[in-house]
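J.: Taking the hints as your guide, dock the two standalone chains into a single complex.
Take a look at the letters that make up each chain.
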Amino acid sequence: GQQLNQSPQSMFIQEGEDVSMNCTSSSIFNTWLWYKQEPGEGPVLLIALYKAGELTSNGRLTAQFGITRKDSFLNISASIPSDVGIYFCAGQLLRDDKIIFGKGTRLHILP
Amino acid sequence: DTEVTQTPKHLVMGMTNKKSLKCEQHMGHRAMYWYKQKAKKPPELMFVYSYEKLSINESVPSRFSPECPNSSLLNLHLHALQPEDSALYLCASSQGGLEETQYFGPGTRLLVL
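Chains A and B, in that order, give the protein sequences.
Using the numbering used here, read the first sequence as starting at -11 and increasing by one per residue.
Using the numbering used here, read the second sequence as starting at 6 and increasing by one per residue.
Since the hints were made in silico from the structure, they are not lab data.
Where hints are given, some of them may not hold.
As the list claims (entries may be wrong) - From the derived model, a few chain A residues whose C-beta atoms are all more than 10 Å from chain B:
1) Ser(-5)
2) Phe0
3) Ser15
4) Glu29
5) Ile55
6) Thr56
7) Lys58
8) Ser65
9) Ala66
10) Gly73
11) Pro99
To be verified - Only pairs whose alpha carbons sit at most 27 Å apart, straight line, appear in this in silico DSS-like list of lysine-lysine:
12) B:Lys43 / B:Lys14
13) B:Lys45 / B:Lys27
14) B:Lys46 / A:Lys86
15) A:Lys86 / B:Lys58
16) B:Lys14 / A:Lys86
17) A:Lys86 / B:Lys27
18) B:Lys24 / A:Lys58
19) B:Lys58 / B:Lys23
20) A:Lys91 / B:Lys45
21) B:Lys24 / B:Lys43
22) B:Lys14 / B:Lys45
23) B:Lys14 / B:Lys58
24) A:Lys91 / B:Lys43
25) A:Lys58 / B:Lys27
26) A:Lys39 / A:Lys58
As the list claims (entries may be wrong) - The following label-pair restraints were derived from C-beta to C-beta distances:
27) B:Ser67 / A:Asn46: 34 to 42 Å
28) B:Ala44 / A:Asn46: 25 to 33 Å
29) B:Lys58 / A:Phe0: 43 to 51 Å
30) A:Phe0 / B:Asn22: 36 to 44 Å
31) A:Gln2 / B:Ser25: 18 to 26 Å
32) B:Lys45 / A:Leu33: 15 to 23 Å
Every residue, glycine too, gets a C-beta built ideally from N, C-alpha and C.
Just chain B, same shape as in the assembly (with noise of 0.2 Å):
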């Protein structure tokens, strides 16, 4: 299994709404990370987690906290959240920390109604 995997794949919600997206990897990767993406835009990283632990909060608002249950499932839920917050979002895992090469998720896209 070399793919990391994201659900739901498309996700549409209200501002008052709670939701959340879920990440999984079974290569054994010890670092995961949440990205944001807006269209015709390069991915920007929001959250890194070392060995289950959150590393790097990219100032990220706290409508949006991630959850790492364990080395293979990242979670990112979702509360109150503004339209403008409408963007891809992406998962990644590395081997190691962030020095190691990181593999993407297909994305889950999200608009906030």
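In isolation and in its complexed conformation, chain A is listed as follows (with noise of 0.2 Å):
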């Protein structure tokens, strides 16, 4: 089936440091969302992105959906305690399709 390929796996911040996550894939998406989720909680949309070329903040938070349509980053800026979780990246190939995931980046940040 098709695939979404989320990097990197895992990451290791100081506080306040800016964080870079992305997923790419070799199929054309119609839509990329990005969620967060926390331990034992359901994920959490932080940013749906519809158009090739969108750039979307929300607070700390910016995501691009790339211009091929293969692919979408995440950008989070000066991380804070509460960002640590796992970051999911999902995309829709057609309008009407199923979610796919991207396998997720868990993010630490070193006290």
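T.: In structure tokens form, the structure reads like this:
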């Protein structure tokens, strides 16, 4: 089946640092989504992207829908302890297709 | 009300038990979903209900039986589960169909003994 390649798999950073993660695919996607999941909770939608080239911010988070429609990135600026969690990218190949999830990026913040 | 709720939060059951997971949303969303998530893995789609009709069944074993009594409620009936079915079961909803963004509930953590 279709796959999203999400990287990095995990990150260890200092508080205050900026974070960048991305997802790529060999297929063209119509929608890119970024979710955050904390232990024992369901994924929470952070940013949804619907147009190639779209750059959207949500507070300290910024995500972009790649021009080729085969990739997306998520940046977190000035990380804080509550940013800890697993970040999943997700995409839809077609407008009426199911969501495909990346394997997640686990973010750790060092004291 | 902008959330999806799920009950129970935790469930332990034996392989001969029958139990049900419940999901509720009052956002007027017309599509609801069941996902299964194993530890350190992304969610995997199980079922999709669109306008109260089952539209997608991802080849899920019959020991999992979904039910959509109305547009706000989604149940997942469990019977004769196996230990490998232990996982976090997530419900999600979207305003329209699959083309709309999905919002997730907190999940039910299931342990099958």
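J.: None of the hints should be skipped; say for each whether it holds.
T.: Each hint tested on the structure:
1. Ser(-5): It holds; Ser(-5) of chain A is separated from chain B by about 14 Å at its closest Cβ, greater than 10 Å.
2. Phe0: holds (16 Å)
3. Ser15: holds (16 Å)
4. Glu29: violated (5 Å)
5. Ile55: holds (22 Å)
6. Thr56: holds (21 Å)
7. Lys58: holds (19 Å)
8. Ser65: Consistent with the label, Ser65 of chain A stays out of reach of chain B, its closest Cβ about 24 Å off (over 10 Å).
9. Ala66: Check passes; 26 Å lies beyond 10 Å.
10. Gly73: Gly73 of chain A clear of chain B: closest Cβ-Cβ about 13 Å, beyond 10 Å.
11. Pro99: Correct as stated: the minimum Cβ-Cβ distance to chain B is 23 Å, above 10 Å.
12. B:Lys43 / B:Lys14: holds (16 Å)
13. B:Lys45 / B:Lys27: holds (24 Å)
14. B:Lys46 / A:Lys86: Status holds; Cα separation ~17 Å.
15. A:Lys86 / B:Lys58: Since the Cα atoms of Lys86 of chain A and Lys58 of chain B sit roughly 16 Å apart, the hinted pair holds (cutoff 27 Å).
16. B:Lys14 / A:Lys86: holds (26 Å)
17. A:Lys86 / B:Lys27: holds (22 Å)
18. B:Lys24 / A:Lys58: Roughly 42 Å between the alpha carbons, so the hint for Lys24 of chain B and Lys58 of chain A is violated.
19. B:Lys58 / B:Lys23: Measuring from Cα to Cα gives roughly 23 Å; hence the hint holds.
20. A:Lys91 / B:Lys45: Holds - the C-alpha atoms of Lys45 of chain B and Lys91 of chain A are around 8 Å apart, at most 27 Å.
21. B:Lys24 / B:Lys43: Since the Cα atoms of Lys24 of chain B and Lys43 of chain B sit roughly 19 Å apart, the hinted pair holds (cutoff 27 Å).
22. B:Lys14 / B:Lys45: Cα-Cα ~19 Å, so holds.
23. B:Lys14 / B:Lys58: Within the cut-off at roughly 26 Å; holds.
24. A:Lys91 / B:Lys43: Holds - the C-alpha atoms of Lys43 of chain B and Lys91 of chain A are around 12 Å apart, at most 27 Å.
25. A:Lys58 / B:Lys27: Violated - the C-alpha atoms of Lys27 of chain B and Lys58 of chain A are around 36 Å apart, more than 27 Å.
26. A:Lys39 / A:Lys58: holds (12 Å)
27. B:Ser67 / A:Asn46: 34 to 42 Å: holds (41 Å)
28. B:Ala44 / A:Asn46: 25 to 33 Å: Once the Cβ atoms are compared, 27 Å apart, the range 25 to 33 Å for Asn46 of chain A and Ala44 of chain B holds.
29. B:Lys58 / A:Phe0: 43 to 51 Å: holds (46 Å)
30. A:Phe0 / B:Asn22: 36 to 44 Å: Roughly 42 Å apart at Cβ, these two residues keep to the hinted range, so it holds.
31. A:Gln2 / B:Ser25: 18 to 26 Å: For Ser25 of chain B against Gln2 of chain A, whose Cβ atoms are near 46 Å apart, the range 18 to 26 Å is violated.
32. B:Lys45 / A:Leu33: 15 to 23 Å: At roughly 21 Å between Cβ atoms, Leu33 of chain A and Lys45 of chain B fall inside 15 to 23 Å, so the hint holds.
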